[in-house]
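**Student:** Next come the chains, spelled out residue by residue.
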Amino acid sequence: MKSRTIKVDYLARVEGECALLVKMKGQQVTDVKLKVFEPPRFFEAFLRGRRFNEAPDITARICGICPVAYQMSACHAMEDAFGVKIPDPIRALRRLLYCGEWIESHALHVYLLHAPDFLGYEDAIRMAKDHPLEVQRGLRLKKAGNAIVNLLGGREIHPINVRVGGFYKIPKQAEFSALAEELKWARDAAIETVRWVATFPIPDFKRDYEFVALRHPDEYPFNEGRLVSSKGLDIPVREYEQHFVEEHVAHSNALQSVLKERDAYLVGPLARYSLNFDRLSPVAQEAARSAGLDSVCQNPFQSIIVRSVETVYACDEALRIIGDFKMPDKAWVDVEPRVSTGYGCTEAPRGIIYHRYRLDDRGVILDAKIVPPTSQNQKTIEGDLWQYVPANIEMQKDRLQWRCEAAVRNYDPCISCATHFLKLQIERE
Amino acid sequence: MAKRKPKLAVWKFSSCDGCQLSLLDCEDELLAVAEAVEIANFPEASRAVVKGPYDLSLVEGSITTAHDAERIHGIRRASKFLVTIGACATAGGIQALRNFKDVKEFTSIVYARPDYIETLKKSTPITDHVFVDFELRGCPINKYQLVEVLSAYLNGRKPNTPPHAVCIECKQRGTVCVMVAGGTPCMGPVTQAGCGALCPAYARGCYGCFGPKETPNTPALSEWWSGLGVSERDLVRAYRSFNAYAEPFRRESESHEK
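Chains as they are written, first to last, in my numbering: chain A, 916 to 1344; chain B, 5 to 262.
Think of the hints as simulated: they come from the structure by calculation, not from any bench.
A few of these clues could be false.
As the list claims (entries may be wrong) - Straight-line distance between alpha carbons at most 25 Å, and here's what the computed BS3-like set of lysine-lysine pairs gives:
1) A:K1284 - B:K7
2) A:K1084 - B:K175
3) A:K1284 - B:K108
4) A:K1284 - B:K125
5) B:K7 - A:K1044
6) B:K55 - A:K1044
With the hints as extra help, turn the sequences into a complete structure.
**Tutor:** Below is the structure:
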């Protein structure tokens, strides 16, 4: 029987270094491996002995794409440990900062990393030759998100203004208000984005995923909520490790996370959306419906639409927060270290990031655990390929390889994070 | 005959991807840059790979595996100019904290199966392995400095990136000194400029993410910090962050370690 291999040694348009190997024998897939060869960096090891207030700046360096997510999970974990409640005005500004990161990260992925797959371009720069207006719109949208992070965080990558308890300094109300005009443009551009990506040729593909995301009583989730799943999980964040376990597989420098009771699960836009559709603002819900989306989305290739819907939401929410702006009395609340363990989980653009720290009486970190979104999605990505490849086995090799790459990019995998992720080979023997 | 566009390559080693992302974060300049150069190898942005040699290679990340220690030589051979971008490539990065400890212990803390992990004992900057034409500092780099470096190399001149301390940028910006006036420990006096003195502008002390400036007087700064009540252990922590293995910071941290 004829055997074939698809092999991608260095998967492009993802953040970090990974490879993909798919082995086929006749009509059967015999192996799928997402290999992470991003070298390990040992964050959890060198966090030991560092002070609690260093965690937001250190863990930001796990990932240049979603540093805010790491900073937020670290802050919430420390505040949980020390029993600190964050006043509403600071809480609102944290949501605003997260809106900025979602807008810039989603716009980056939708326009620069993922859209070229659907339209058949090697990259967005080549795509810009035929679609200049769209690429320019994507860049401007990205910039609108970055403008929020820039103002409130100090800079786009590895912001400097986040601290346990709040911020170092709150910019003036007028500086926030100055963002509003561009954000109104961005919200319209995001709605245009939803319309644009909804016209893409989307493969007919569906799986019965277990979606996992945060759920909050009133809000679309960023920083807070219970961990819920589409198959009945409903737990507080501090019980995460009782239900999820990380496995270390030989072909990867990343740890793969599974649900103990069941198996692989999915985090990120598809999960957040499907578990929290009712929490989206009316304008975001309307954008989703007009693109033909149901309130649950099980086609990972439609993640590009969902990401665009979330961008609409993030622009809308940012405008709401800026409109309701209230200057906090003080930029941060003081914290008092104590012997404790703190848990934090927030929604990075790619899905939940879990942090747990054990601390001594002076606030020195005794041990740390960090679970990034991509390690949680890794097994699900492999699962998608197990199902996607046989259905498309007759496809010409180059085309099939590209489609497999696109299937991985559905997850906006961030491999720098996952090391703590991937090489594509498709092998037909 | 039309003039050939210079070929630009971007390479990644151990890092967070933030510095190469800085290029994609140049929303206003990206398409212009793509007009001026041929982006020949930039996996974070493109599937397309054009064979070398390359006119300019930007290298992000530090060397932490035997395979990478080999790979960098091939990149040097294929590159007319090689510029390192960021603290990892220039000083070993945050992952160089392993250099002060036993990497085996680190591996067993993070990974259930340490035997699956291949890693070197030390995380080292690119310049420890090959000749580097220019080092751009920062964790992350400043994107405008990156555009300056690209522009300089495309026009055959030296990049204009001042080597003075962050203090000068505070003065240029009109920020009142957080340390002298506010009593907040600040690494600005020994840290290279380039960020625009961000942290002091946000009412916090500089934490040294651009690494040591030219001829830094670290003992004098440590004395100042001690006067502000900073413990020896916290001094060690301060020098041991994103540029921990840069010589002046390494030496100073070791002098406060018992």
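**Student:** It remains to establish, for every hint, whether it holds in the given structure.
**Tutor:** Hint check:
| no. | hint | verdict |
| --- | --- | --- |
| 1 | A:K1284 - B:K7 | violated, 54 Å |
| 2 | A:K1084 - B:K175 | holds, 19 Å |
| 3 | A:K1284 - B:K108 | holds, 18 Å |
| 4 | A:K1284 - B:K125 | holds, 22 Å |
| 5 | B:K7 - A:K1044 | holds, 20 Å |
| 6 | B:K55 - A:K1044 | holds, 22 Å |
Taken one by one, the earlier hints fail for this structure only at number 1.
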